[in-house]
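Sequences listed follow chains A, B and C, in order.
Our numbering puts the first residue of the first sequence at 1, with every later residue one more than the last.
Our numbering puts the first residue of the second sequence at 1, with every later residue one more than the last.
Our numbering puts the first residue of the third sequence at 1, with every later residue one more than the last.
If you are wondering where the hints come from, they were derived from the structure by calculation, not from laboratory data.
Any given hint could turn out to be false.
As the list claims (entries may be wrong) - For lysine-lysine, the following BS3-like pairs were computed, each having C-alpha atoms within a straight-line distance of at most 25 Å:
(1) C/K382 <-> B/K124
(2) A/K153 <-> C/K117
(3) C/K193 <-> C/K167
(4) A/K7 <-> A/K320
(5) C/K125 <-> A/K163
(6) C/K174 <-> C/K193
(7) A/K320 <-> A/K6
(8) C/K296 <-> C/K389
(9) C/K117 <-> A/K163
(10) C/K68 <-> C/K337
(11) B/K124 <-> C/K256
(12) C/K339 <-> C/K61
(13) A/K396 <-> B/K88
(14) C/K125 <-> C/K337
(15) C/K197 <-> C/K403
(16) C/K403 <-> C/K199
Said to hold, decoys possible - Rough simulated footprint, nothing fancy, chain C against chain B, three-plus residues with beta-carbon under 8 Å:
(17) 5-16
(18) 108-117
(19) 132-144
Just so it is clear, the structure is predicted and the values come from calculations on it, not from any experiment.
We treat Cβ as the ideally placed atom computed from N, Cα and C, and that holds for glycine.
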Amino acid sequence: MIIFLKKFGIWLAAVLICVVLPLIFRSGFSISLLSQMGIAIIFALSYNMLLGQGGMLSFGHAVYYGLGGFLAMHALNRIGAGTLPIPIELLPLVGGVAGVLAGLVFGWLSTARASTTFALISLGIGELIAASALMLPSFFGGEQGIIGDRVVKLTITGFRFGKQIEVYYLIAVWMLICVALMYLLTQTPLGRVANAVRDNPERAAFIGYAPRTVRTLQFTLAAFFAGAAGGLFAINYEIITAETVGAQASGSVLMMTYIGGVGHFFGPILGAILITFMQLSLAGVTHAWLLYFGLLFVGMVMWAPNGLSGIIMVHEPVWKARLMKRLLPAYGLIALPCLIMFLGAMILIEINYHLSLSINPENPMHLLGITFRAQSPVAWGLSLVMMVAGFFFFRKARSVVQERWSEVSQTLKGGLTR
Amino acid sequence: MLEYIIFSLLNSLVLGMLLFMLSSGLTLIFSMMGVLNFAHASFYMLGAYFGYQISTAIGFWPALIIAPPLVGLFGALVERYGLRNVHKYGHVAELLFTVGLAFIIEEGVNLIWGRNAVTYPIPKLLDFPIFTLFNTEFSAYRMFMLFISVAIFIALYWILTRTRIGLIIQAALTHPQMVNALGHNVPAVFMLVFGGGSALAGLAGVIGGIFLVTEPAMAATLGPIVFVVIVVGGMGSLTGAFVASLLLAAIQTFAVGIEYSLSDLLALVGIRAEVGGILKDLWRIQLSHTGPILPYLFMVLILMFRPKGLMGKRET
Amino acid sequence: MKTTLMRSLLIIAFLTLLSLPAMAADTIKIAYIDPLSGAMAGVGDAGYKHFQYNAELLNAKGGVLGGKKFEIVPFDNKTSPQDSLIQLKAAIDQGIQIITQGNGSSVAGALIEAVNKHNERNPDKPLLFLNYAAITPAFTNEQCSFWHFRFDAHVDMKLAAITNYIKSQPNIKKVYLINQDYVFGHAVSDSAKAMLKEKRPDIEIVGDTFTPLGKVKDFSPYVAQIQASGADTVITGNWGADMSLLVKAGKDAGLKVQYFTFYGSGLGAPKAIGDAGVGVLNSITEWHLDLNQEEKNKEDEEFFLGYNKKYSNNGDVPYYYGRIRTEMTMLAAAIEKAKSTDPKAIAFALEGMEYQTPYGKVIMRAEDHQLIQPLYISTYAKAGEGTVKYDSENTGIGFKTIKRIEAADTAMPTTCKMVRPEKK
Numbered sequence: 001m002i003i004f005l006k007k008f009g010i011w012l013a014a015v016l017i018c019v020v021l022p023l024i025f026r027s028g029f030s031i032s033l034l035s036q037m038g039i040a041i042i043f044a045l046s047y048n049m050l051l052g053q054g055g056m057l058s059f060g061h062a063v064y065y066g067l068g069g070f071l072a073m074h075a076l077n078r079i080g081a082g083t084l085p086i087p088i089e090l091l092p093l094v095g096g097v098a099g100v101l102a103g104l105v106f107g108w109l110s111t112a113r114a115s116t117t118f119a120l121i122s123l124g125i126g127e128l129i130a131a132s133a134l135m136l137p138s139f140f141g142g143e144q145g146i147i148g149d150r151v152v153k154l155t156i157t158g159f160r161f162g163k164q165i166e167v168y169y170l171i172a173v174w175m176l177i178c179v180a181l182m183y184l185l186t187q188t189p190l191g192r193v194a195n196a197v198r199d200n201p202e203r204a205a206f207i208g209y210a211p212r213t214v215r216t217l218q219f220t221l222a223a224f225f226a227g228a229a230g231g232l233f234a235i236n237y238e239i240i241t242a243e244t245v246g247a248q249a250s251g252s253v254l255m256m257t258y259i260g261g262v263g264h265f266f267g268p269i270l271g272a273i274l275i276t277f278m279q280l281s282l283a284g285v286t287h288a289w290l291l292y293f294g295l296l297f298v299g300m301v302m303w304a305p306n307g308l309s310g311i312i313m314v315h316e317p318v319w320k321a322r323l324m325k326r327l328l329p330a331y332g333l334i335a336l337p338c339l340i341m342f343l344g345a346m347i348l349i350e351i352n353y354h355l356s357l358s359i360n361p362e363n364p365m366h367l368l369g370i371t372f373r374a375q376s377p378v379a380w381g382l383s384l385v386m387m388v389a390g391f392f393f394f395r396k397a398r399s400v401v402q403e404r405w406s407e408v409s410q411t412l413k414g415g416l417t418r
Numbered sequence: 001m002l003e004y005i006i007f008s009l010l011n012s013l014v015l016g017m018l019l020f021m022l023s024s025g026l027t028l029i030f031s032m033m034g035v036l037n038f039a040h041a042s043f044y045m046l047g048a049y050f051g052y053q054i055s056t057a058i059g060f061w062p063a064l065i066i067a068p069p070l071v072g073l074f075g076a077l078v079e080r081y082g083l084r085n086v087h088k089y090g091h092v093a094e095l096l097f098t099v100g101l102a103f104i105i106e107e108g109v110n111l112i113w114g115r116n117a118v119t120y121p122i123p124k125l126l127d128f129p130i131f132t133l134f135n136t137e138f139s140a141y142r143m144f145m146l147f148i149s150v151a152i153f154i155a156l157y158w159i160l161t162r163t164r165i166g167l168i169i170q171a172a173l174t175h176p177q178m179v180n181a182l183g184h185n186v187p188a189v190f191m192l193v194f195g196g197g198s199a200l201a202g203l204a205g206v207i208g209g210i211f212l213v214t215e216p217a218m219a220a221t222l223g224p225i226v227f228v229v230i231v232v233g234g235m236g237s238l239t240g241a242f243v244a245s246l247l248l249a250a251i252q253t254f255a256v257g258i259e260y261s262l263s264d265l266l267a268l269v270g271i272r273a274e275v276g277g278i279l280k281d282l283w284r285i286q287l288s289h290t291g292p293i294l295p296y297l298f299m300v301l302i303l304m305f306r307p308k309g310l311m312g313k314r315e316t
Numbered sequence: 001m002k003t004t005l006m007r008s009l010l011i012i013a014f015l016t017l018l019s020l021p022a023m024a025a026d027t028i029k030i031a032y033i034d035p036l037s038g039a040m041a042g043v044g045d046a047g048y049k050h051f052q053y054n055a056e057l058l059n060a061k062g063g064v065l066g067g068k069k070f071e072i073v074p075f076d077n078k079t080s081p082q083d084s085l086i087q088l089k090a091a092i093d094q095g096i097q098i099i100t101q102g103n104g105s106s107v108a109g110a111l112i113e114a115v116n117k118h119n120e121r122n123p124d125k126p127l128l129f130l131n132y133a134a135i136t137p138a139f140t141n142e143q144c145s146f147w148h149f150r151f152d153a154h155v156d157m158k159l160a161a162i163t164n165y166i167k168s169q170p171n172i173k174k175v176y177l178i179n180q181d182y183v184f185g186h187a188v189s190d191s192a193k194a195m196l197k198e199k200r201p202d203i204e205i206v207g208d209t210f211t212p213l214g215k216v217k218d219f220s221p222y223v224a225q226i227q228a229s230g231a232d233t234v235i236t237g238n239w240g241a242d243m244s245l246l247v248k249a250g251k252d253a254g255l256k257v258q259y260f261t262f263y264g265s266g267l268g269a270p271k272a273i274g275d276a277g278v279g280v281l282n283s284i285t286e287w288h289l290d291l292n293q294e295e296k297n298k299e300d301e302e303f304f305l306g307y308n309k310k311y312s313n314n315g316d317v318p319y320y321y322g323r324i325r326t327e328m329t330m331l332a333a334a335i336e337k338a339k340s341t342d343p344k345a346i347a348f349a350l351e352g353m354e355y356q357t358p359y360g361k362v363i364m365r366a367e368d369h370q371l372i373q374p375l376y377i378s379t380y381a382k383a384g385e386g387t388v389k390y391d392s393e394n395t396g397i398g399f400k401t402i403k404r405i406e407a408a409d410t411a412m413p414t415t416c417k418m419v420r421p422e423k424k
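Same shape as in the complex, but just chain A:
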């Protein structure tokens, strides 16, 4: 029983969380947010099949997401009209098939080399599809996109999917299935060979695996899951527009995956949750969310290239050796200047946004419960001082953290040799 729990505990917990979440957050907005998160998780994980597991940096992954969505939407309308006998619950499969077809063609064409060549080809294909999406209105629906109605007669579960909560559970089920499948894929020989091709294509070729074939397979499978996510998108929103194949969608999945961390399977899940949350909620709190988003991204690239999951997993051995208490004080020490620096930057950014976007820059602005005038030199001075002082102490505290880390890792190494 304990072995079972150890092996499958995390999956049981995931199922439990998916079931319980909408019971806690009941508002329509939260459930829509959770639905979008589920879709984003599949999409980001499928992207990581390329970037993390296959070493292919793509700037056009949204092509497969969008094409899957469009084909699913056309299928949905045919189901509604009674000409296509597929139950609505299986619609993501239609999207997946669209992804596979497009992925096979474009994948074979673009995977002769990895790295920059691949990245540029994916960029070119992405631009081509996005541009032609507006030129081919009979498939892509032009600017208004294609509208569908998910309430159809043909279901196998008996749900009507009129309510958002029913759609949420459909997405959750598909999400869990896709996550499990993608996880299992990493354990298959194909997943392993994809890693080998990522790390050293020449050696992989020597032992008999054609890198292009492996990459194409990996690419096609990733396109399948992206297409399935697109299919869920079609069901969830009942509308799909040309922007889903566009550069912005491709860029946002790249950011999700990278911020979450490409090195660990669960990284993109964290990224998808965080970024979706930022995109949908932060925008209501501050105009400047895009700037914070950009700063977060650059900060992650510069200081935490392994993403959130990298930060977490670095602590795993420390946690297991019960040495966290040695690190925590140092973290506390560095958190303070970080907070000060962040607050300083935030004040500066918010002041500037107030000056450029508020109804009347002369009006006092409110920030963290304090009301002040944006023109006041005190606020400017304070924010600059906070940033400089924060940065100064940040550098001091960083050396303390580094010291503690080397201590802890010494202990860990000692533990290993003993």
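Position chains B and C relative to chain A; hints supplied.
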């Protein structure tokens, strides 16, 4: 018809030279450092906004002199304190750093200069038609742009082939490790090239911001096309970038005049197919509509079949 | 992993609580769903300020129904249809029942569908959608909805007005059509061709070109084509950079044509185009900022100056959407008439409502919920000459009316078969 061809040639030359000014810096940066700089077009945008700001304060001519070095300095700082730190994490991280930077620059421009276009007019001295041919005028400002970009091309060529630093840069293009081993300060050369490339982009922005529209979206509209230029031209090849810039500009300019669609083509060989269904639009798209997307098609084909580009020395 | 999950859950919980403030009973909330961040934020933000200003004026007069005040609640949709649907959910969570939006027909189309579905699934708490700028004709034709009201003239109405003007100008002989290559551009081209053929069969259409949306950097090849065709008039639905670049390239080549545009005077255009548009760039709108001088309307001048003083960032982003005033005042009148803030009652009150604006009578046509209002064709003019007193965006360029088109002349037949709920 003659009038149309002459003016299309001239206009494609103007656009092509502007593209070259942008892509020359990018191709140097890319081939030396392996960094696909997504923020390059953002430096172009910064050049336009700096030019606008300085020219409203003290006039266009000082702006033409001051703004590009400012952008170059900014670029050098970015290389020194940003990119160099990321270098150890590999090319993907470097590339993503520039993506994020482009993002921040765009939001920063939004914040400082607002989200709509700014008024950045042609300087009075150049606001007249320089010649009129068959009823069509050619503005002095376009001639001036042509002049500046040709001058830059000559200067760049001279620096790279006739000066010591130029020779080091050329050597570092193909054998960076070797140059390092010979005792040259390669990081400093990198910073110089990055700064110089940014300054060129800035100059393109100062004059291009007037020619086109100075607005926060200007980086995003020009960004991908510059990649096309360096890919088609071939890595590390300035001549390639030059040829590709002119070629792409000519393609875009001349495709506008060709109003044939796929169905016309088929009709030519005697097939008159009426295609229905969800892809029926594919048949009636005229070549003239596709002008600006042709470059991407071109890029994808080049990458698939000739990854060296037209004149490149090694593969990307 | 679990700890991070828990933490993000806690944050979500916290913010969800934050986003659910208590409802005040004496305010009428209107959800403004438009882009407030990203590339389109400039336009979306200006629209928000327009609504704020109009709400403020109405509230200063005592609100409606004996003291109920208007409150505009902004929601950032980033011009994305799916984000708009999520923001719509957020608005519903806050108990908001009136929404307004304008930027992007894709968003408007998605919202109309969503509102229809919501009202079908929740008949006791319906939503009302007031559209101030999405001008795809379908919204008041085959896609019309009882819950949707449009306060802007749609594409065909604006083109009808332009072609009516062209009909009266015998010196226009050759027309060139240049439009963006997507549904809207094609609609403009098709309607323009049909209307010109009907109204002026002698006019030759010398060109009908489509440009890729937002991808063209130098319009001079297109200008060379226009030049070669010998056109004297250009009709274009282009907006944003696609329009400003066209006009600038035309000036560079010495192209002598009159441009008829939809968005020539739109927010940001005067700055981008500048002097290149003077005397040649005509746009069709329901209001412009020098109208008060031409019609000597003191009240409207004060209205315009009041906005300028408080909301325009020293004239940088002046008042533009005349129709937002019409929308807000008509909404207030409809609430008074219905004696209720229930969307269904308001919708029935708005249907067929006639209303006196500073520049003539307008009517909300009952059969398709399309506002029929007088339109003006105006041209770029140097400020400080004659009636051109005020300039736009501090550029020194104002507008001069060249033709007023009466409301009745802009009305187009509709194919709408309105399905109404039971009035009760």
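Right, here's what the structure says about each hint:
no., hint, in the structure
1, C/K382 <-> B/K124, "17 Å, holds"
2, A/K153 <-> C/K117, "17 Å, holds"
3, C/K193 <-> C/K167, "13 Å, holds"
4, A/K7 <-> A/K320, "17 Å, holds"
5, C/K125 <-> A/K163, "15 Å, holds"
6, C/K174 <-> C/K193, "12 Å, holds"
7, A/K320 <-> A/K6, "15 Å, holds"
8, C/K296 <-> C/K389, "12 Å, holds"
9, C/K117 <-> A/K163, "10 Å, holds"
10, C/K68 <-> C/K337, "14 Å, holds"
11, B/K124 <-> C/K256, "21 Å, holds"
12, C/K339 <-> C/K61, "17 Å, holds"
13, A/K396 <-> B/K88, "23 Å, holds"
14, C/K125 <-> C/K337, "20 Å, holds"
15, C/K197 <-> C/K403, "21 Å, holds"
16, C/K403 <-> C/K199, "17 Å, holds"
17, 5-16, "holds (count 6)"
18, 108-117, "holds (count 5)"
19, 132-144, "holds (count 8)"
When the structure is compared with the earlier hints, no violation turns up for any of them.
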